[in-house]
Structures are given as structure tokens and as C-alpha cells.
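Protein chains in written order, with numbering that gives the first Met the number 0: chain P, 0 to 49; chain G, 0 to 73.
Careful, some of the hints might be misleading.
[Unchecked claim] In the SDA-like style, the derived pairs of lysine to any residue whose C-alpha atoms are separated by at most 25 Å in a straight line are:
#, chain 1, residue 1, chain 2, residue 2
1, G, Lys4, P, Leu23
2, G, Lys4, P, Pro8
3, G, Lys41, P, Ala41
4, G, Lys4, P, Gly31
5, G, Lys41, G, Gly14
6, G, Lys42, G, Ala21
7, G, Lys4, P, Trp7
8, G, Lys10, G, Val29
9, G, Lys10, P, Glu18
10, G, Lys41, P, Pro8
11, G, Lys42, P, Leu40
12, G, Lys10, P, Arg3
13, G, Lys10, P, Arg21
14, G, Lys4, P, Leu39
15, G, Lys10, P, His20
16, P, Lys5, G, Cys7
17, G, Lys4, P, Thr9
18, G, Lys10, P, Gly10
19, G, Lys42, P, Gly26
20, G, Lys4, P, Ile19
21, P, Lys5, G, Gly14
22, G, Lys4, P, Leu29
23, P, Lys5, G, Ser12
24, G, Lys41, G, Ala23
25, G, Lys4, P, Thr27
26, G, Lys4, P, Ala41
[As the list claims (entries may be wrong)] Some, not all, of what chain G presents toward chain P, calculated at C-beta under 7 Å:
#, residue
27, Gly3
28, Cys7
29, Lys10
30, Ala23
31, Phe27
32, Leu35
33, Trp39
34, Lys41
35, Phe43
Since the hints were derived computationally from the structure, they do not count as laboratory data.
No residue lacks a Cβ here, since even glycine has one placed at the ideal position from N, Cα and C.
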Amino acid sequence: MSDRDKVWPTGLTEAESEEIHRHLIQGTQLFGMIAAFAHLLAYIYSPWLH
Amino acid sequence: MIYGKMWCVVKPSVGIPIIIGAVAVGSFAVHLSLTLNTTWVKKFLNGSAAQVSAIQSDTVQPVAMLVANDPARK
């Protein structure tokens, strides 16, 4: 018996939930990379940690 | 994907703003506390303007004294 097509209380199926989660993870990774780059620039060009 | 099914039980319209808001508030708090508890962040954000004005006020008086004490100008 497959629950993949079951609509859960939020109105989503498991496949839809995993799709949202995939996009959320990708957004988090992009944010993290931009933030890491910004911190690298801050380390190079500001007195931070010097 | 780990936790991929969480949106079956948490409404995305509730959970995603909570996650993004928590990141925003945490990030703001860290940077605000850095600004308030260190001296170099304020100096750095003010740029070189403070140093330039300090140099001007330090150099104007010695130059004025040199001009005032110059015998050729009397």
C-alpha cells in the first residue's frame, strides 16, 4: 500500500512536501555561500579578526 | 532527503517564515552586538573622515604658528 498520493493535513502529498523541502535546502545553500563570500570580503577588507 | 516530509505536517506558509525570520533575527542580533560591543566596527563604518578631520586639526595650528613666527612676513 502506497501513501505517496495521500493528502496530509497541510494539503500536500509527500512528493509535494519533498519538492518544497528541496527548494528550501537549495535556498539555504545559496544563502550560505553568499554569506560565506561576504564574510571572506569582510575578513579581507575590514579590521575584523586582525 | 532527510526531513523532506515535514511539510506534510507543518504548513509551509507557517514554517518557512519562522525559519527565515529566525535566521534574520539571529543574524541581526549578532551584528548589532558586534557594533555595540566593539570599537573598531564604528570606526571602520565611519571610514577615514574622522582621521582626516583629526589630521587637519593637528596640522592647522603648527602651520599657523610657523606663519606667525616668520620674520620675513613682518
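Taking the hints in turn, this is what the structure says about them:
1. Straight-line distance between C-alpha atoms of Lys4(G) and Leu23(P) comes to about 13 Å, which keeps the hinted pair within the 25 Å bound.
2. Proposed proximity of Lys4(G) and Pro8(P) is supported: the alpha carbons are some 12 Å apart, at most 25 Å.
3. Taking the CA atoms of Lys41(G) and Ala41(P), the gap is about 14 Å. The hint holds against a cut of 25 Å.
4. For a cut-off of 25 Å, the pair hint linking Lys4(G) to Gly31(P) stands: about 23 Å separates their Cα positions.
5. Between Lys41(G) and Gly14(G) the CA atoms are separated by roughly 36 Å; this puts the pair beyond 25 Å, and the hint is violated.
6. At roughly 29 Å between alpha-carbon atoms, Lys42(G) and Ala21(G) are farther apart than 25 Å, so this suggested pair is violated.
7. The hinted pair formed by Lys4(G) and Trp7(P) meets the criterion: a straight-line CA distance of about 10 Å does not exceed 25 Å.
8. The straight-line distance between the Cα atoms of Lys10(G) and Val29(G) is roughly 29 Å, outside the 25 Å bound, and the hint therefore fails.
9. Straight-line distance between C-alpha atoms of Lys10(G) and Glu18(P) comes to about 14 Å, which keeps the hinted pair within the 25 Å bound.
10. Restraint check for Lys41(G) and Pro8(P): the C-alpha separation of about 50 Å exceeds 25 Å, so the hint is violated.
11. Distance restraint check for Lys42(G) and Leu40(P): the Cα-Cα separation of roughly 18 Å lies within the 25 Å cut-off, and the hinted pair is therefore satisfied.
12. Under the criterion of a C-alpha separation no larger than 25 Å, the hint pairing Lys10(G) with Arg3(P) is consistent with the structure, at around 18 Å.
13. Pair hint Lys10(G) plus Arg21(P) holds up; C-alpha atoms about 16 Å apart against a cutoff of 25 Å.
14. As the CA atoms of Lys4(G) and Leu39(P) are separated by approximately 35 Å, the hinted pair breaks the 25 Å bound.
15. Between the alpha carbons of Lys10(G) and His20(P) the distance comes to roughly 12 Å, so the proposed pair stays at or under 25 Å and holds.
16. Taking the CA atoms of Lys5(P) and Cys7(G), the gap is near 10 Å; set against the 25 Å cutoff, the hint holds.
17. Between Lys4(G) and Thr9(P), the direct Cα distance comes to roughly 11 Å. Compliance with the 25 Å bound is thereby established for this hinted pair.
18. A hinted pair counts as satisfied when its Cα atoms are at most 25 Å apart, and Lys10(G) with Gly10(P) qualifies at roughly 8 Å.
19. With a CA separation close to 34 Å, the supplied pair Lys42(G) and Gly26(P) exceeds the 25 Å bound.
20. Restraint check: the Cα-Cα separation between Lys4(G) and Ile19(P) comes to about 9 Å, which is no more than 25 Å; the hinted pair holds.
21. The hinted pair formed by Lys5(P) and Gly14(G) meets the criterion: a straight-line CA distance of about 21 Å does not exceed 25 Å.
22. Distance check on the hinted pair: Lys4(G) and Leu29(P) sit about 22 Å apart at the alpha-carbon level, within 25 Å; holds.
23. A distance of roughly 20 Å separates the Cα atoms of Lys5(P) and Ser12(G); the hinted pair therefore holds under the 25 Å criterion.
24. A threshold of 25 Å between alpha carbons decides the hint, and for Lys41(G) with Ala23(G) the separation of about 22 Å falls inside it, so the pair holds.
25. Taking the CA atoms of Lys4(G) and Thr27(P), the gap is about 17 Å. The hint holds against a cut of 25 Å.
26. For a cut-off of 25 Å, the pair hint linking Lys4(G) to Ala41(P) is broken: about 37 Å separates their Cα positions.
27. The beta carbon of Gly3(G) comes within 4 Å of a beta carbon in chain P, closer than 7 Å, and the hint placing it at the interface holds.
28. Evaluation of the Cys7(G) hint against chain P yields a held restraint, the C-beta minimum of about 4 Å falling below 7 Å.
29. Because the beta carbon of Lys10(G) sits about 5 Å from the nearest beta carbon in chain P, less than 7 Å, this interface hint is met.
30. With a cut of 7 Å, the hint placing Ala23(G) at the interface with chain P is violated, because the nearest CB-to-CB distance is about 11 Å.
31. For the restraint placing Phe27(G) at the interface with chain P, the shortest Cβ-Cβ distance is roughly 13 Å, beyond the 7 Å limit, so the hint is violated.
32. At a threshold of 7 Å, the smallest CB-CB gap from Leu35(G) to chain P is about 15 Å, leaving the interface hint violated.
33. Using the Cβ-Cβ criterion of 7 Å, the hint placing Trp39(G) at the interface with chain P is satisfied: the shortest such distance is roughly 5 Å.
34. A least Cβ separation of about 11 Å between Lys41(G) and chain P goes past the 7 Å threshold, and the interface hint is therefore violated.
35. Given hint, Phe43(G) at the interface with chain P, holds; its Cβ is 5 Å from that chain's nearest Cβ, closer than 7 Å.
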